[in-house]
Amino acid sequence: MSPVLREQLLLLPEYLQGHLALTFAALGAGIAMSVPLGIVASRSPRIRHPLLATVSLIQTVPGLAILALVVAMLGGQIGFLPAFIALTLYSMLPIMRNTVSGLEGVPAEVVEAARGIGLAPRQRLWKVELPLALPVIVAGIRTAAVWTVGMATLSTLVGASSFGNYIFIGIQTRNLTAVTVGSLAAAALAILLDTLIGSLQWIAERRAIGVGLRELRRAIVLAVTLSLAFAMALVFTLKPAPKPDFIVGGKPFTEQYILASLLAERLTAEGFLVEQNIGMGSDVIFNAIGSGTVDLYVEYSGTIWGSFMRREGNPGRAEITEITQTFVRERGLNPVGLAGFQNRYALAMRRERAEELGVVSVQDLAPLASMLSAGGDLEFFGRSEWKRLQSLYDLDFAQELTFDAALMYTAVEAGQVDVISAYSTDGRVAAYDLVLLEDPRQALLSYDAMLLASSAAAQDPRFTAALAPVLGAISDEAMREANKMVDVEGRSVSEATAYLQAIINKPR
Amino acid sequence: MIELIHVQKSFDGGASYAVADTCLTIPRGELLALIGESGSGKTTTLKMINRLEEPTSGQVLVAGRDVLEQNLQELRRNIGYVFQGAGLFPHHNVARNVAAVPELLGWSKELIEARSREVCDLVGLPFDDYARRIPAELSGGQQQRVGVARALAARPDVLLMDEPFGALDPITRAGLQEEFRRIQQELDLTVVLVTHDMTEAMLMADRIAVMQGGELLQVGTASELLNHPTHDYVTQLMEMPRRRAERLERLMRAAE
Numbered sequence: 001m002s003p004v005l006r007e008q009l010l011l012l013p014e015y016l017q018g019h020l021a022l023t024f025a026a027l028g029a030g031i032a033m034s035v036p037l038g039i040v041a042s043r044s045p046r047i048r049h050p051l052l053a054t055v056s057l058i059q060t061v062p063g064l065a066i067l068a069l070v071v072a073m074l075g076g077q078i079g080f081l082p083a084f085i086a087l088t089l090y091s092m093l094p095i096m097r098n099t100v101s102g103l104e105g106v107p108a109e110v111v112e113a114a115r116g117i118g119l120a121p122r123q124r125l126w127k128v129e130l131p132l133a134l135p136v137i138v139a140g141i142r143t144a145a146v147w148t149v150g151m152a153t154l155s156t157l158v159g160a161s162s163f164g165n166y167i168f169i170g171i172q173t174r175n176l177t178a179v180t181v182g183s184l185a186a187a188a189l190a191i192l193l194d195t196l197i198g199s200l201q202w203i204a205e206r207r208a209i210g211v212g213l214r215e216l217r218r219a220i221v222l223a224v225t226l227s228l229a230f231a232m233a234l235v236f237t238l239k240p241a242p243k244p245d246f247i248v249g250g251k252p253f254t255e256q257y258i259l260a261s262l263l264a265e266r267l268t269a270e271g272f273l274v275e276q277n278i279g280m281g282s283d284v285i286f287n288a289i290g291s292g293t294v295d296l297y298v299e300y301s302g303t304i305w306g307s308f309m310r311r312e313g314n315p316g317r318a319e320i321t322e323i324t325q326t327f328v329r330e331r332g333l334n335p336v337g338l339a340g341f342q343n344r345y346a347l348a349m350r351r352e353r354a355e356e357l358g359v360v361s362v363q364d365l366a367p368l369a370s371m372l373s374a375g376g377d378l379e380f381f382g383r384s385e386w387k388r389l390q391s392l393y394d395l396d397f398a399q400e401l402t403f404d405a406a407l408m409y410t411a412v413e414a415g416q417v418d419v420i421s422a423y424s425t426d427g428r429v430a431a432y433d434l435v436l437l438e439d440p441r442q443a444l445l446s447y448d449a450m451l452l453a454s455s456a457a458a459q460d461p462r463f464t465a466a467l468a469p470v471l472g473a474i475s476d477e478a479m480r481e482a483n484k485m486v487d488v489e490g491r492s493v494s495e496a497t498a499y500l501q502a503i504i505n506k507p508r
Numbered sequence: 001m002i003e004l005i006h007v008q009k010s011f012d013g014g015a016s017y018a019v020a021d022t023c024l025t026i027p028r029g030e031l032l033a034l035i036g037e038s039g040s041g042k043t044t045t046l047k048m049i050n051r052l053e054e055p056t057s058g059q060v061l062v063a064g065r066d067v068l069e070q071n072l073q074e075l076r077r078n079i080g081y082v083f084q085g086a087g088l089f090p091h092h093n094v095a096r097n098v099a100a101v102p103e104l105l106g107w108s109k110e111l112i113e114a115r116s117r118e119v120c121d122l123v124g125l126p127f128d129d130y131a132r133r134i135p136a137e138l139s140g141g142q143q144q145r146v147g148v149a150r151a152l153a154a155r156p157d158v159l160l161m162d163e164p165f166g167a168l169d170p171i172t173r174a175g176l177q178e179e180f181r182r183i184q185q186e187l188d189l190t191v192v193l194v195t196h197d198m199t200e201a202m203l204m205a206d207r208i209a210v211m212q213g214g215e216l217l218q219v220g221t222a223s224e225l226l227n228h229p230t231h232d233y234v235t236q237l238m239e240m241p242r243r244r245a246e247r248l249e250r251l252m253r254a255a256e
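From first to last, the protein sequence lines are chains A and B. For reference, each letter of the first sequence is one residue, going 1 to 508 in full-length UniProt numbering. For reference, each letter of the second sequence is one residue, going 1 to 256 in full-length UniProt numbering.
These aren't lab readings, by the way, just hints derived from the structure by calculation. Quick caveat: nothing in here was measured; it's all calculated off a predicted structure. Treat the hints with care, as some may be off.
[Said to hold, decoys possible] Okay, the calculated beta carbon distance ranges per label pair:
id : chain 1 : residue 1 : chain 2 : residue 2 : range
1  : A       : P107      : B       : L203      : 27 to 33 angstroms
2  : A       : R43       : B       : H231      : 39 to 45 angstroms
3  : B       : S139      : A       : M73       : 56 to 62 angstroms
4  : B       : S139      : A       : F24       : 54 to 60 angstroms
[To be verified] Which bits of chain A does chain B cover? Going by a derived footprint, with three or more residues having C-beta under 8 angstroms, they are:
id : region
5  : 108-121
6  : 201-209
[Said to hold, decoys possible] Covered by chain A, according to a simulated footprint, are these stretches of chain B (three or more residues, beta-carbon under 8 angstroms):
id : region
7  : 116-128
8  : 169-183
Just so it is clear, CB atoms sit at the ideal spot from N, CA and C, and this is done for glycine as well.
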């Protein structure tokens, strides 16, 4: 077995448990709420319409947006709870809709007969209507189960581990093995669950036409076997997780994975029990530090300035660092110090293309822009510094395309776009032979890497002492080299971490 | 046994009446046929006897007691009901369908089994052959036999039947009609039978009640209705079986 695959498979129990726990909890809660609501809705047309319209509406909101909204409604709390709530909401529509149509599909003459021979309303429901509607209800649960398994992969983004960890981290670190393992695992889980519920549906269908249990032996054996397998998987992967002293967070890109792993290693070496929770979005993680669900991560001064403070203008590197540190302190977050490097945006072109057009700085781009297309990461074109760049240099590109960061680089390399919003410490800049264009008018902000800690962590002197050697120790070159190891050379995050550790530990 | 006293039923708050001011007394052991076209109020009248519908005004007495003053489920469990198209529970086998009411009444397992055996034999379905069969495996006639067995299982004195033989083919229907009449007389049941088939009413019923547009026009034996009809509609209704009988007789004679 290749070491890369081995490394990924070692993570399987943890992710499997996260995925199973989320799926079953959400599905269970979804059934517990949707079936009774469906029964009520089928009884009263006045409630049915608004109720079904509401759950349908929830269903049309993209899964990622639901997750973000739930996190916001919980006051920035991340982890299992928001993912569980979002998945539960998502699972409700098919179950509720099928409960309603299943009950409505019970033949009127059978219901009339039940009334006529003297079954009370509750007996009618339990003895006649539900058994006859059960196949349709179970079919709804089956649909919901497959959706839930798929959507649970997204919960990685709000800090709940699942097979999504494989997929998101794999995409960002160009680790195709991880993406493949994650996708196959999620697909296999979906198929197994579909088979289990499918066999339950088959049993319910036969029961609804009066077939005896004896003739359903095979399906029952299958269902019981699969249920036991799921239960064993949950139990075996269920390790008594000790409560960590600190949780180190990270956003979903390579540099953040390396830094989170580095910081976690430093704290572990100091004797702390540390957990990593990586792959969250900027807003989510910033709020998580404030609420103490994450204890440490690396933020960039320019992000705080532009995204959280919504400031415009560019007062210069030192000034931005100063103002943003004051801002986060006021928000109850604790800046531990600067790492030394900055990872700012820079417009980048393929060297060949830049020379062909004679472009050295952004200034040179302006007259050519109407013939060129630009690619940005998911945030870039929405930032104020992009607006400033446009107005200061009078830039107007023929096309502005948004990409996932990893795909943005492949797009410029393939010539699909001419200019991209590269990151200054990105290893791919050198690997793809890109040139960073000069910015003489200082339109683009500085992005100093800043360690931010929760209040609880910052008060612990051993915590700050463990991190002290990191401060100021990582240069732009060192960070770029570490990123390159992962993104370009296909080496693991732990190798890149070891490289940075060596630099930090080298006597200066 | 059953008394309807100035019973009225309106579904639209009094704008129109599905059943208008009806009085009717059915003595113990009588089989009364309620006949009329669809919309005549015959099924509504039947349903008011076990409170599947409740009268807007007037009183319904069963065994001398106002049905509105009795416990709804108890009332229904003590009155057998045979539905149009049998209305069997498709997810239960014959034994469980027949046992439905005795189970509700809390009979013991042994008693239920013994009684189920009895009523299945009574309707011509040997218990050992049919108990484990499911409704989907039975013919229409067999399903309706189970329907009758289910209605009789809890030993009711009163049986309500809503077009019980309407969906059956003529040969099966004739057989069941005769058999049922025998059972009814044997058990001394008081039966109200809703039908739109005058031949069926004449062949089975002690008395026939004719309804039209919510009104009870005339109640009487077949010969009373034939010889002394009080309304043109009754005359018309009686004409059809009479003409058919005459034609049949001529055809039979010619064949001899």
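Hint by hint, here is what the structure shows:
no., hint, in the structure
1, A:P107 x B:L203: 27 to 33 angstroms, "30 angstroms, holds"
2, A:R43 x B:H231: 39 to 45 angstroms, "43 angstroms, holds"
3, B:S139 x A:M73: 56 to 62 angstroms, "60 angstroms, holds"
4, B:S139 x A:F24: 54 to 60 angstroms, "46 angstroms, violated"
5, 108-121, "holds (count 11)"
6, 201-209, "holds (count 3)"
7, 116-128, "violated (count 0)"
8, 169-183, "violated (count 0)"
The structure is inconsistent with the numbered hints 4, 7, 8, although it conforms to all the rest.
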